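In case you want the letters, here they are:
There are 2 protein chains.
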Amino acid sequence: MADEYKTRTGDVFNREQYDSLLTRKQFLWQSFEPYGAVKGLFDYGPPLENLEAEVISIWRDHFIRHERMMALKCSMLTPYKVLETSGHVAKFADYMCKDPKTGEILRADHLIKDVIETRLRSDREARGEKVETEEDPKLKKKKAKLSKTATKLDDDVRKEYEYLLATLDDCTGDDMGALIKKHDIRNPVTNNEVEPPVPVNLMFSTQIGATGREPAFLRPETAQGQFLSFNKLLEFSDGQLPMASACIGYSFRNELSPSRGLLRVREFLMAEVEHFVDPKSGKKHPKFASVREVKLPLLDRNTQSAGGSTPQIMTIGEAVDTKLVDNETLGYFLVRIMQFMDKIGIDMTKLRFRQHMANEMAHYAADCWDCELFNSYGWIECVGCADRSAFDLTVHEKATGVPLRVRENLEEPYEVEEWQANLNKKKSGPKLRQDQGKVEAALLALTQEMKEKLSITMASEGKVEVPVAELESGKVELDKDILSIVKEKRKVTTREYTPNVIEPSFGVGRILHSLMEHAFWVRKGDEARSVMSFKPTVAPIKVLVVPLQKDTRFAGLLSELEQRLDDAQLSFRVDQSGVSIGRRYARNDELGIPFGITVDYESLEGKGYTLRDRDSTKQVRASLDEILEAIEKTCKGKQTWDDIYAKLPVFEGKVEEEVEKV
Amino acid sequence: MADEYKTRTGDVFNREQYDSLLTRKQFLWQSFEPYGAVKGLFDYGPPLENLEAEVISIWRDHFIRHERMMALKCSMLTPYKVLETSGHVAKFADYMCKDPKTGEILRADHLIKDVIETRLRSDREARGEKVETEEDPKLKKKKAKLSKTATKLDDDVRKEYEYLLATLDDCTGDDMGALIKKHDIRNPVTNNEVEPPVPVNLMFSTQIGATGREPAFLRPETAQGQFLSFNKLLEFSDGQLPMASACIGYSFRNELSPSRGLLRVREFLMAEVEHFVDPKSGKKHPKFASVREVKLPLLDRNTQSAGGSTPQIMTIGEAVDTKLVDNETLGYFLVRIMQFMDKIGIDMTKLRFRQHMANEMAHYAADCWDCELFNSYGWIECVGCADRSAFDLTVHEKATGVPLRVRENLEEPYEVEEWQANLNKKKSGPKLRQDQGKVEAALLALTQEMKEKLSITMASEGKVEVPVAELESGKVELDKDILSIVKEKRKVTTREYTPNVIEPSFGVGRILHSLMEHAFWVRKGDEARSVMSFKPTVAPIKVLVVPLQKDTRFAGLLSELEQRLDDAQLSFRVDQSGVSIGRRYARNDELGIPFGITVDYESLEGKGYTLRDRDSTKQVRASLDEILEAIEKTCKGKQTWDDIYAKLPVFEGKVEEEVEKV
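Each protein sequence line maps, in turn, to chains E and P. Residue numbering for the first sequence follows the working numbering, starting at 3 and increasing by one per position. Residue numbering for the second sequence follows the working numbering, starting at 3 and increasing by one per position.
Think of the hints as simulated: they come from the structure by calculation, not from any bench. Since the model is a prediction, treat every value here as computed from it, not as a measurement.
Note that identical chains are pooled: a pair holds if it fits in a single copy or bridges any two copies.
Okay, derived cross-link-like pairs now, SDA-like style, lysine to any residue, Cα gap no bigger than 20 Å in a straight line:
#  : residue 1 : residue 2
1  : Lys289    : Glu564
2  : Lys83     : Gln32
3  : Lys635    : Ala570
4  : Lys41     : Glu474
5  : Lys400    : Pro81
6  : Lys93     : Met178
7  : Lys440    : Tyr37
8  : Lys638    : Ser59
9  : Lys552    : Gln242
10 : Lys427    : Glu467
11 : Lys41     : Ala471
12 : Lys638    : Asp63
Model the full assembly from the supplied sequences, consistent with the hints where possible.
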């Protein structure tokens, strides 16, 4: 069971207080509220939208610019065929059970887990053991109607249940059907028996065009668009590997039981990198040496198998040397992911890398590590970092006949016997005219397999149809006078191969959810006051401006201040409401504004302003130029409050905030 | 007819050369190419993706930060009911004609325009008049098969055709059906007669949830999500108007004939502002004085009616004073839109504001001006700036019963007689228990109309059903003992009103399309070389690094240079290929890289580097510190090349580029 989630000050996380802050300050809400909110769809209000923009901007700088990745934007609408090839049409499904009396649809694995966990909890209660409640309180209330008394289980049954939970991820649909029958698992809210599990595809389907002849889906990941752009990417990088593309974009999953805030939603932003490497290179990374000594918390497969959950702290150099992490490229990305998380303000004590168990990975994956962040829902996968091998490029090449490969010159050429498709130029010219070039390119691109097939057709029918995507008709018919397909010896001077792909894939919403929880704490004092301690680099609003009191004499200074902040391109909020200055600070601390500039009577005498540190509530006093410079540098991540304290004199005004400082 | 499109150097735009550049440099391509590209869906490659990111970043700064707008992110998946209320289900359609023999679907208005324009063109040819060809060359070729000879029309017919084109936008589906019959308009490619026009909705439909009980669309605009967040926005702005929200997000239109690059696509990024004002305020804008004297090119409704197409250059102050532009807020936004376009590098001679004709506007719109950019397809609407009045908030309030209004305290209260719905708390308490508060709130929110309706039901049946969105059942039944609905006198101390909305709505793809065309020109010299003159602020890559020759002695300097550029967070590209330095400059000019740093033999002697200006090809020589400072300042928009030339000495090296300078 997960540890209890605590805030950065070591206090137990108070979900009610936290949710209240997010609601009052319009961080997010369920979309289309006036129409009855739709589950799994969220709108982001100003604080969260700006936070996301800052996080994305850092992501772009940290990955795309610094790693010189090729930024890509791919379409969300995706033809059926593409996702059929990728395996999503057949396999991207959850098993669902229907409550036949209410029509309610329940995810089979969640249903089983939920019911069995409730029984185990009830058992622990009956035995007088400590019970952690991690259930949705609303759901709990509903279910409470059905079973109010704690029920002790036989020791054997308890063991069986525990085993069942540990192995649930391995179950097929049939397995789950059997478990539901065997353990009399029912809809916990209605107590009705449920129908056997059936697979339901999680993609949103639609159609492109008026006639509906082009069935399509909203993509479930950005990756496929990147794979299908492979040849463009290769050209852009002058044919050189390793190369990486990066796509920040939305994906969609028709989750049947969306839940837990931003952790399982139907429409979500991803940031995915596809790093293409030559499999023969050993997946070395040119910059690995620069990160060798960085230490990471690694929870490997073997530790998990043995029931452990404590990660080893180890340098990535050692992890790769000992093959705990499969290769340098994967290792390099784990480090870069951690550094990114640190940059945006994730609590480094709430981060770990967990290796996938063999049964968790796709069949083609070579290795996979998740960057998990700890929040009030437990350890949550926020970034997957998988080695997808050559799977995707291979299946798309096979399905389309378009080569998705790298060709490189060999130092030592050799000879092979191969199918060749050659045009008789004298005869083909008059027939193909301006299409000649396109047809030649298409012939060159045919796989050996296809050429052999065509040669058989040619032998029997004297003509063949050659697919030529570049032509409007998509094909051309050629007879044996024009086209010869023969097996010939050929000198091989180039090597062709399908690259392997390492894919770090970021769930932006999950990261934001964790980031907000990590930033949240409660300042004790006269009254408990919530604070969002966002780093200045990501804070949605950078500066709070507060005049000490309502006084028209401040107007001139305020307007100068606003102009200067605007010139410096700093976002700010002015709070001129009549409440006490302490209360104004407190309510803006909830928005996570890192800097507070106070305009007071000394300011009127030209003695500058005070600058308040949201986290410590300490203030310094300085000229406007000094204050702006301090804010700008800190918001760019070039210094911290420590540097400001070292430079500017602390202001010991009357203590306006009777609250605990951190 | 539109003028011929010319590049910034006054040369006729060469589409072939331009398209070739976009393809070779991977600016964009049709999505899913290996599967046979899908029309109307584009992937952006590295240059265009980065260009878009820079443009969006400037938009955020120019609008969201500077204007202190509330940034919002709203869901793309949108329930049916929402778009039914907004009118999109009924009215968001195009009229289509089917070619019954080929099954091809043609947009009725495009078909008519296309055929009639072809006939007029043919007529002009036959009369020996000058003919501008603005047709898609591919389409022209196809049609050429059908009509090869120029045909002169009767003068009357010619006039009728010209009138028809001018009034086509006013036609209903039936009108268009009649025109097609009368003028024997056929599919220009097949010469088949077409079926009468039928309306086809342009939204992509899908379903949310497993059971498909929630029909939904992909939103056709971001606006509706913003309207439905109105109450959150009002709370965030402490109940104060004017206030504005801004949403940058994707919208979708199932265009039936996507065409012309990024101008009509199926999936597109929008940036929309909803600026809410009190209609009683006269739609004044607090910052209007600051823009009063800015001059804009305004093509108003009357000029257009009279057949004119030359905009008047006028200060926005005069335009608003004379009511040419309806109000200050609309006027303020027109100026800000123009300033934004200037910032990102739009050619100001290719920008105008065109007022909508009365028949172009939605029935509820008070006034509407488009910011049009001139490109090779003519004048294209890139930003719509409409006054949507109170339409959207009103219809959503009516459909949901949730008030979407502003309430403000009155200085002089007055009395009215109104329907009141009051709970008998003694009796309601035991029945409603913890739901009491929610029911009270729902009762308070009922409109007068609904209360009157309920009072009639109550009188006849003794009980009513009250909608309470906050309850799970969505309603509660209350009988006359618990609820009284009566007409009562009430002192009015507050004023309630539905704000009006001014909506600047940016089509990002169209802006990018125009921006790329405006940036493109051809440098004459030994050979014509294409250049993309992106402003340094938006350029996809900021710096090109070129060693003079392949020489291992440069390695150390190159690596230092790369480190320094990385530290300065500047994106760069190193071109170490073996071709001449002139050729390397030229091919990177196609990517629009504004700065070129050359490492030469003097650099090895510690004599700094040369910095090349992409547009003039001039160079200065300076130390690395000076060069980096120059680049950083210019990329932030804080100076131009003129400032660099004023400060750093021009480098008169051997002339390596035998090309025309601009």
